[in-house]
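Line by line, the protein sequences are chains A and B. Each number in my numbering comes from the position in the first sequence (counting from 1) with 14 added on. Each number in my numbering comes from the position in the second sequence (counting from 1) with 14 added on.
Since the hints were derived computationally from the structure, they do not count as laboratory data. One or more of the hints may lead you astray.
One copy or two, it doesn't matter: identical chains are merged, so the pair holds either way.
As the list claims (entries may be wrong) - EDC-like mimics (lysine to aspartate or glutamate), calculated; alpha carbons at most 16 Å apart, straight line:
no., residue 1, residue 2
1, Lys-51, Glu-266
2, Lys-113, Glu-147
3, Lys-212, Glu-69
4, Lys-209, Asp-281
Here are the chains, one letter per residue:
There are 2 protein chains.
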Amino acid sequence: MAPRQHSLRSALAVAPGTVNLAGYDSGDTPLAPGKKKATESATLQHADDLAQLQERLFAERKRSLLLVLQGIDTAGKGGVISHVVGLLGPAGTTVTAFKKPTPEEAAHHFLWRIRRALPDRGMIAAFDRSHYEDVIVPRVHETIPQAEWAQRYDEINAFESALSDSGTVIVKCFLNISYATQRDRLLARLDDPTKRWKFREGDIDERAYWSDYQVAYTAMVQNCSTEVAPWYIVPSDHKWYRNWAVGEIVRETLAEMDPQYPATDLDLPRLARRLAPPY
Amino acid sequence: MAPRQHSLRSALAVAPGTVNLAGYDSGDTPLAPGKKKATESATLQHADDLAQLQERLFAERKRSLLLVLQGIDTAGKGGVISHVVGLLGPAGTTVTAFKKPTPEEAAHHFLWRIRRALPDRGMIAAFDRSHYEDVIVPRVHETIPQAEWAQRYDEINAFESALSDSGTVIVKCFLNISYATQRDRLLARLDDPTKRWKFREGDIDERAYWSDYQVAYTAMVQNCSTEVAPWYIVPSDHKWYRNWAVGEIVRETLAEMDPQYPATDLDLPRLARRLAPPY
């Protein structure tokens, strides 16, 4: 592919080959329209473009968009849902948060619950966590044999390839934060009485596995960045940058899809006559 | 109940007894904070209150809110979803548009598809059409015997009463427009190339049944306004009033529910120590 000039997607897409996640600066702000205030304002200004593009996607009813969000606790998946997915129209958008599998989910293939949440034609689906949890948590905590999780990367690529063939455009954002940023955010949850309910002591315990998570995330972006379903590594230490960047990635993607209103063959003069008063 | 001073809900709630829908002025704007511009601005200002109340509802995870929207074609159900439900957080909100029943839906009791779309604890669900379609369309078009649809009013009241007992607060808004307003909106759809895809000639055909629809809507609000699930008749000829009013009804309802953050028994000093650098 020719490089896209000024495209945020080309700036944030995972480079081919061996990935060194430590080399991606989580505090960076590439192509940001300004500092914090200007960038927050630019994020809100996405709303009009997104609304128009989404309306056309919905009217066209041929394709759909899947936005996958991954990242460690406090990386900002929920924040992106609020501040970016919240800019979209609720009638054309579904949000699914994938938590620890329920007994029913665990009794099925790991893609079972994913397939049930895929977007219908014309819709945008956002996943807060996804099928990628199934190559992260079991790998970090060694809850299933390596042979089992290791084959999932190919399964995921095949699944996403078929999904793409059926008309779903896939956008995957890995929200990348530093170890110190996670500490700050966990402390902030403790400090703020309106955020304390989100706090689980287990979140601190999980920090002991930080390096193992980095290994698992590295394998995820390295093994599953494909032409039809690339991973974008979004620097997420700055919430204002993270929100703008995911919004811009979605906007660029929808603009490239360029959905069209369906042609109509309405006999306009006759219909207008039928609606003339007193009818 | 004592009258609620300055409550929009008490102003728009269906009065007990026999309803005369023709007596409800669809162009009225009771308790509006101003004219068009001021009212549109007030609608946007609902966002902060709604976000805070919804966050508390979500954190509390004990109760839920169901917003039912009914109204004839072009009354503005979709507009309310965009402009009011769009103010809510997408992670805590589901939107379901009930269309002509699919073969699978038609093979079940009419409440089957409704039950599947009810809000989980902590969530807000918005219904674009609802179980009330099943006492409107079959009644207007006489597709099922009267004995069958006539018993549905009691069934619906029993269903909503049980739902309320289980912790779901129910808000039902009938978007009331005039015959002339519907004409204007259908003509606007024909005129605007970006709206033409929504136009169906069947929408004009249905206008021949206008009076029958008014009869069916009258029976709906008269038979199914209960203490736990009142109907509000929202004057909807002015889109700016309709959006503000539904937003205000939802805001009043959530404020009355007054959801609370759950109490936590976190040992804050110990947890903060666990998070001290370098950990």
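#### Entry: Structure versus earlier hints, numbers of those that do not hold, lowest first
1
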